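Visitor: Same order as they appear, the protein sequences are chains A and B.
Using the numbering used here, you'd call the opening residue of the first sequence number 13 and step up by one each time.
Using the numbering used here, you'd call the opening residue of the second sequence number 20 and step up by one each time.
Everything labelled a hint here was simulated from the structure, so no lab data went into it.
The model shown is predicted, which means the values in this text are computed figures rather than measured ones.
Among the hints, a few may not be true.
[Claimed, not checked] Cβ-to-Cβ under 8 Å is the rule here; a few derived chain A residues that face chain B:
no., residue
1, G52
2, M53
3, G54
4, L55
5, F102
6, G120
Beta carbons: idealized from backbone N, C-alpha and C, even for Gly.
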Amino acid sequence: NAGVTQTPKFRILKIGQSMTLQCTQDMNHNYMYWYRQDPGMGLKLIYYSVGAGITDKGEVPNGYNVSRSTTEDFPLRLELAAPSQTSVYFCASSYSREGGNTIYFGEGSWLTVV
Amino acid sequence: AQSVTQLDSHVSVSEGTPVLLRCNYSSSYSPSLFWYVQHPNKGLQLLLKYTSAATLVKGINGFEAEFKKSETSFHLTKPSAHMSDAAEYFCVVTHMNYGGSQGNLIFGKGTKLSVKP
Numbered sequence: 013n014a015g016v017t018q019t020p021k022f023r024i025l026k027i028g029q030s031m032t033l034q035c036t037q038d039m040n041h042n043y044m045y046w047y048r049q050d051p052g053m054g055l056k057l058i059y060y061s062v063g064a065g066i067t068d069k070g071e072v073p074n075g076y077n078v079s080r081s082t083t084e085d086f087p088l089r090l091e092l093a094a095p096s097q098t099s100v101y102f103c104a105s106s107y108s109r110e111g112g113n114t115i116y117f118g119e120g121s122w123l124t125v126v
Numbered sequence: 020a021q022s023v024t025q026l027d028s029h030v031s032v033s034e035g036t037p038v039l040l041r042c043n044y045s046s047s048y049s050p051s052l053f054w055y056v057q058h059p060n061k062g063l064q065l066l067l068k069y070t071s072a073a074t075l076v077k078g079i080n081g082f083e084a085e086f087k088k089s090e091t092s093f094h095l096t097k098p099s100a101h102m103s104d105a106a107e108y109f110c111v112v113t114h115m116n117y118g119g120s121q122g123n124l125i126f127g128k129g130t131k132l133s134v135k136p
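Let's have the full structure, built from the sequences with the hints guiding it.
Guide: Below you can see the structure in the form of structure tokens.
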């Protein structure tokens, strides 16, 4: 019963490097999301997807890109890493768009940019 | 506009005593409300949710929350704290039938619960 799986769990990047955070879910959910969590703050939505081939910006999209080629996968790309992107990143998924539908979270990816 | 305020950034209780984590919300529409728990270096786990059914919602691990529209509150309680309850707790609001992305959850800043032996 894997749920939402993210990799890597920890990563240190140098300024200007690029990387991709991988996310996959095995629940056949249509909706997938990327959030970032900064110390003392709640989660902020970076990007979301309502289905394969469809993505849209959330609250804090600058510096990131996403793609959704399959229902299962929703990778997050950092093109030119900056110290402001040091954060914990959470991928999540849900079945539908109703407000009461439960969102399931991955275990997080801790990223440090130095 | 929607917002969530968790009134305490840190709550400390003794094992076996009651837990109260306070949350107030603001929403122009009928809200859905959630409590999530995050243990150290872990993802977020749903504790319970309110979606306009019963106002007293029971969740996992003995937690419950009561939706009080008149007070715009959704406080989380547990009668008797256990050491394993030590974690960070997030109150979250979103709409039912929200016209935009269902991913537009609004998170509180979190309450860190410490449990003393």
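Visitor: Run every hint past the structure and note whether it holds.
Guide: Right, here's what the structure says about each hint:
no.: 1; hint: G52; verdict: holds (6 Å)
no.: 2; hint: M53; verdict: holds (6 Å)
no.: 3; hint: G54; verdict: holds (3 Å)
no.: 4; hint: L55; verdict: holds (5 Å)
no.: 5; hint: F102; verdict: holds (6 Å)
no.: 6; hint: G120; verdict: holds (5 Å)
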